[in-house]
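4 protein chains.
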Amino acid sequence: MIKVGIIGGTGYTGVELLRILSQHPEVSLQAITSRKEAGMAVAEFFPSLRGKVALKFSDPADTSLDKCNVVFFATPNGIAMQQTRILLDAGVRVIDLSADFRIKDVPEWEKWHGMSHACPDLVVEAVYGLPEINRDKIKGARLVANPGCYPTAVQLGFLPLIETGIVDTDHLIADVKSGVSGAGRNAEMHTLFAEASDNFKAYGVPGHRHLPEIKQGLSNIAARLVGLTFVPHLTPMIRGIHATLYARLTANVDLQLLYENRYANEPFLDVLPSSSHPETRSVRGSNFCRIAVHRPQGGDTVVVLTVIDNLVKGAAGQAVQNMNLMFSLPEALGIDHIAQLP
Amino acid sequence: MIKVGIIGGTGYTGVELLRILSQHPEVSLQAITSRKEAGMAVAEFFPSLRGKVALKFSDPADTSLDKCNVVFFATPNGIAMQQTRILLDAGVRVIDLSADFRIKDVPEWEKWHGMSHACPDLVVEAVYGLPEINRDKIKGARLVANPGCYPTAVQLGFLPLIETGIVDTDHLIADVKSGVSGAGRNAEMHTLFAEASDNFKAYGVPGHRHLPEIKQGLSNIAARLVGLTFVPHLTPMIRGIHATLYARLTANVDLQLLYENRYANEPFLDVLPSSSHPETRSVRGSNFCRIAVHRPQGGDTVVVLTVIDNLVKGAAGQAVQNMNLMFSLPEALGIDHIAQLP
Amino acid sequence: MIKVGIIGGTGYTGVELLRILSQHPEVSLQAITSRKEAGMAVAEFFPSLRGKVALKFSDPADTSLDKCNVVFFATPNGIAMQQTRILLDAGVRVIDLSADFRIKDVPEWEKWHGMSHACPDLVVEAVYGLPEINRDKIKGARLVANPGCYPTAVQLGFLPLIETGIVDTDHLIADVKSGVSGAGRNAEMHTLFAEASDNFKAYGVPGHRHLPEIKQGLSNIAARLVGLTFVPHLTPMIRGIHATLYARLTANVDLQLLYENRYANEPFLDVLPSSSHPETRSVRGSNFCRIAVHRPQGGDTVVVLTVIDNLVKGAAGQAVQNMNLMFSLPEALGIDHIAQLP
Amino acid sequence: MIKVGIIGGTGYTGVELLRILSQHPEVSLQAITSRKEAGMAVAEFFPSLRGKVALKFSDPADTSLDKCNVVFFATPNGIAMQQTRILLDAGVRVIDLSADFRIKDVPEWEKWHGMSHACPDLVVEAVYGLPEINRDKIKGARLVANPGCYPTAVQLGFLPLIETGIVDTDHLIADVKSGVSGAGRNAEMHTLFAEASDNFKAYGVPGHRHLPEIKQGLSNIAARLVGLTFVPHLTPMIRGIHATLYARLTANVDLQLLYENRYANEPFLDVLPSSSHPETRSVRGSNFCRIAVHRPQGGDTVVVLTVIDNLVKGAAGQAVQNMNLMFSLPEALGIDHIAQLP
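Residue numbers (the working numbering), protein chains in the order written: chain A, 1 to 342; chain B, 1001 to 1342; chain C, 2001 to 2342; chain D, 3001 to 3342.
Worth flagging that the hints you see were computed from the coordinates, not collected in a lab. Treat each hint with caution, since some may be false.
[Unchecked claim] Once the Cα atoms are required to be at most 20 Å apart in a straight line, the calculated EDC-like pairs of lysine to aspartate or glutamate come out as:
no.	chain 1	residue 1	chain 2	residue 2
1	B	1056	B	1066
2	A	52	B	1066
3	C	2052	D	3331
4	A	52	B	1331
5	D	3052	C	2168
[What the hints assert, rightly or not] Residues of chain A clear of chain C, computed beta-carbon distances all greater than 10 Å:
no.	residue
6	54
7	125
8	168
9	183
10	188
11	249
12	255
13	262
Glycine included, each C-beta is placed from N, C-alpha and C at the ideal position.
Can you make the complete structure from the sequences, with help from the hints?
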């Protein structure tokens, strides 16, 4: 059994980690910390876990995580970078669900996050935890930077096009729609039910924190700096991301075949038959990413549609997928939930 | 492995049975029939099942279910009563999720359903599949009538009050709210998104088909004919039933203790601490029924709040719970999903 | 033209007052104050008002409302009681949409609101602004206490039954469901979209601030202290209240006729034909209260269903209805919007 | 008073026409026909209209509309083209909200609609009813083809860019999201609440009926054939369209100024300040189109965001705007509703 600790677990990523890990057959949950809720039973805070999780939130100051095999950070940005080194030094492996170790260009990270980075050397070491790209590196990693939800949906959609060099990478467009849980569990006015329900809007068009992460990932695939227009939108549903991706084709290939071949051996990538339209609920609660590829009216614009559950493949599920890889477990162990439909 | 067949599986109850049974460790799915969708892959019809269910819908006329150990009916009312005898005669046990075998008073059933009953003798034999009341009878049953969603929520809420004789059973009130999936997957105008969203209404106040089922159940518990006012409502959510139950106390007991004791050994009944308010999402996708009991301002009116997922404890989950009992499996096997929150 | 001021206008009641008053043919909006948003254009804060409202929020300290004919308080509880006397002394009439002047029993008010009342003498003077009960008093009032949303829906539903003395008033039950806008526009976790959507729950069963207001109103109608069980629920829609009311009949009358006659001359009360079920969207954005009355299975329990828009007849619309009465305008002037369906 | 008839009025476009026309100060509603609902009171069919509309649906066969000044078709495609000539011949002007007269290329129309056109000569005569482009022609028109909802949102967004020739018109992209009411009020499975709620998907990527209408409109503006990728999506809200439009800039202009100047005199076009993001609820129930224009990271891709209410500016409101123009009334008369927020 893998001894697991969670730091910060009162948000949506936290409760989703708990849902998955508490039923994972090779995991023993050791501790979950929260400064604010220390002493409260996890199942009192999240009634969905009554009868399933016996832990209480513990004070970070009183909680030794040294004996854990792995620790997940489900904290706001800026926390993991403060606490990771001490865990690594104690031989604990770390999976960070925040953005602290995702961007290799530290000044760029600092610009978008408005703070100095505490440990640029660990940024160098950190492995970007997208298994479809980095599977082998993840297996041996001490420190995994778990991808953001938007970046997961966008990179998995563009990957086959870019790595085969068949699109103009100077003008990629990612029009992405997210459910409201992506904004987290903080009490903020714009995500109130009476604000976000029966409503649709774009946000962050001038610039969004996930933009540099996506650009870095696509540029790595392209082996050159890509040009990307990224427009996130808020849509009135709880979970789910739908990415609609546009690129200009520069070669004539069988797109359906390209995608099916590229993802043939991926346990969580599902390429739909041609002319399909994936819907977000088909992955709700599951770790799947479903994809369809289109070439409308036979023109030179390719349209890729990808859906993920932002809290599963976009966060907690992918983190556990990375853990499985790091500990040589079957990659799908404990994350083979079937989507809940309806 | 238990060989399982499903008759009719294109509705919400069907897909939920498939979600549960396809991952049940002791179940081997043999066939799922649908006259209308015969030949279509189940996973094409329900994309959430892609990669998880390889079966196609088969034509009932071409499908032998004789070799099954158990067959579930997930059909509209009036079908199971036509086909059950032949299955029983072949030694197949039957769990009927429709209303065909729930009402012992056949003329009453015929009045509410507008048709003649095809096999009144099997109605006599059928065991009403509410494990919290009929566990032992279910174990030995050939034919289980799986309870309706409203009746499950209401009976589990009233049970401790009525069986101890501490309330006036002439004037029980059940004010119950259901998510829209309770209306099924038929294309009807009143359950369109643009009709049912951002809207709330009562329906069936003059009389609803679940009324006789609930009255029968409560009367059995009370060992006398009860008086019940039942008002169902449609609330804009997909899954979930919330029952708010009112009764006049005729004795002074510790209600919290009464409920905790009554349900102490029930694997799926969760009595919340006093002063709690269960929410439907705390059971979304799970087989739990969570309950709270209140006595506002110390008056003589008791208020019981119960929540279930109408498609799980109110339908498919309870059906599998009954199957587990019938085949001497651990009662919670394959139905221990944690609710999906958020 | 009536010169109107609004104190506090950044919440849902405020924006709804602005929607109505800015198109009212006899109203000239003079000022709207907000300590926090002083200086910001109202239409920047509420983009729905772009091109329709030119005012900026002004600092209360810099804003003279003495020249107004009437001032609306759309403030949290505890503000209006501090500022009303000075307005009344200046000859300004006041309509308070908060709870400050609704409860005649000041110690009871103080118990529920956890503060001392600043002006008990004005509580005596204040007229409870439910036109269907107090129309004549409202016409001459200097100070109107605008009813709460739950109290409006419950009182209008019970009124004909109680004033004719045909029900047991010791055991009234009000099971009421509210849209989320009823919780206001404050950033609180439990009303986030990802918390309140696809979810249903009761709350405040042990006691809710609207309980004493409703009991006072019903007791006034009954001319004796009534017994009431009041259970509010949160339902995932933006606007709307649906009250399901239960009472035991003590006399045999034609209930349909009773309601139709009682409300025959009321401009905003709409009694549906028998066997009807009003839906909240049928009053969304309108000042109507629609009502249906049932006697299920001919028993002795009467069930009354009422729907209102909590922000219109339950708040801003009723406040303007009171203003119309106070200034001898046609009662429906400027509040004759048709509900927005779908 | 203008005498108005409505043909077909049982869908969402119909009820919205009724909401608007029944309170229009210069309109006298003469008749509304429905083959299916003939004899039923309109207010029984749409309870939101109780007390506001006294008409019954009448049988088209028994209803003379010759005396009307204008008739609105709110019918499925293929009806108006059968009945328009006889009305025009009787001197009645016609505003068709269906697609029958929108496409000038009749074979193209026939390809997308799968039927022969009944009156190609009237297609030639019909004026495309987008006031921002065709105001003068509309004033004198006998027959107005009211634009579709998607086409309205897309054309108004691209118009300033294309007519000034500052973008590459070979590769325009329109990623558009629609509320579910856009699919109409027909009972279809995919628009059921339990299917469309908490879900997001694209549809019609290979081809959508609105594509030729949009291409025709943009090509007219460009005075050359444009290239367009149009991807519609279904988003879980009742009303609203959000268009996110992408184009490659070929010249360097002040985009904010361009849009503000172009729409300065338009009564229903609202250009937001730079860096804004319009939300659909800011136009819910109103005839406004709100627009924001962005140039992310100063690159050569322009992003335009437009929002409309699909049933108002995208259908009934625009139809009444056209009527106002045709009858020399103030353009905004009777359609100056403020959006309902929240």
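To see whether the hints hold, each was checked on the structure:
{"no.": "1", "hint": "B/1056 to B/1066", "result": "holds, 18 Å"}
{"no.": "2", "hint": "A/52 to B/1066", "result": "violated, 39 Å"}
{"no.": "3", "hint": "C/2052 to D/3331", "result": "holds, 16 Å"}
{"no.": "4", "hint": "A/52 to B/1331", "result": "holds, 16 Å"}
{"no.": "5", "hint": "D/3052 to C/2168", "result": "violated, 37 Å"}
{"no.": "6", "hint": "54", "result": "holds, 24 Å"}
{"no.": "7", "hint": "125", "result": "holds, 34 Å"}
{"no.": "8", "hint": "168", "result": "holds, 36 Å"}
{"no.": "9", "hint": "183", "result": "violated, 8 Å"}
{"no.": "10", "hint": "188", "result": "violated, 5 Å"}
{"no.": "11", "hint": "249", "result": "holds, 38 Å"}
{"no.": "12", "hint": "255", "result": "holds, 35 Å"}
{"no.": "13", "hint": "262", "result": "holds, 33 Å"}
Hint compliance for this structure: hints 2, 5, 9, 10 are broken, all remaining hints hold.
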